[in-house]
Amino acid sequence: MGKNTTDTQIAIKNRKAEYQYFLTTSFTAGIVLTGTEIKSIRAGRANITDAYCSFTNNELWVHNMHISEYSHGSYNNHQPKRDRKLLLNKKELRKLMSKLNERGFTIIPTLLWINEKGYAKLDISLARGKKLYDKRESIKEKDERRRKQHEDE
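Throughout the sequence shown, residue numbering follows my numbering, covering 1423 to 1575 in sequence.
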């Protein structure tokens, strides 16, 4: 595996996550990927906005994460929206599974990034959905912060 010598860091953020959910606990998970998938992520061609995680056979999987096909890939290119396995410790998996059984909790990817060793990592968070009035409140707070920032300048 070749290392990337440039200083640019790839970080793909789920911007809708903070708006649509109350984020509680965060975890960092590894992802099982194919060669063309990691190359597409390094090119910044991934989207985690509509992604979510669920358990299948005591394993955590991420669904609806879109990684575009690699432009120089051959007929062996990957499927863009396939389910991908997440790698966590057993202790973390048990904690997530117990919280997921509570009413209203879900697991949402918040950030896709590449670490210094060149491995793709996915930051996931336990989340509880916001109601419409909570979303309106979030918008008001954001506007207030912007206005204060403009007044300071």
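I should point out that these hints are in silico values taken from the structure, not numbers from a laboratory.
Any given hint could be a false lead.
Said to hold, decoys possible - Calculated pairs, BS3-like style, for lysine-lysine (alpha carbon to alpha carbon, straight line, at most 27 Å):
#1 Lys1557 x Lys1461
#2 Lys1461 x Lys1435
#3 Lys1438 x Lys1507
Results for each hint:
Only pairs whose Cα atoms come within 27 Å are accepted, and lysine 1557 paired with lysine 1461 is rejected, the gap being roughly 36 Å. A C-alpha spacing of about 18 Å is found between lysine 1461 and lysine 1435, which places the hinted pair at or below 27 Å, so the restraint holds. Restraint check for lysine 1438 and lysine 1507: the C-alpha separation of about 22 Å stays at or below 27 Å, so the hint holds.
Hint 1 alone, counting from the list given before, is not met by this structure.
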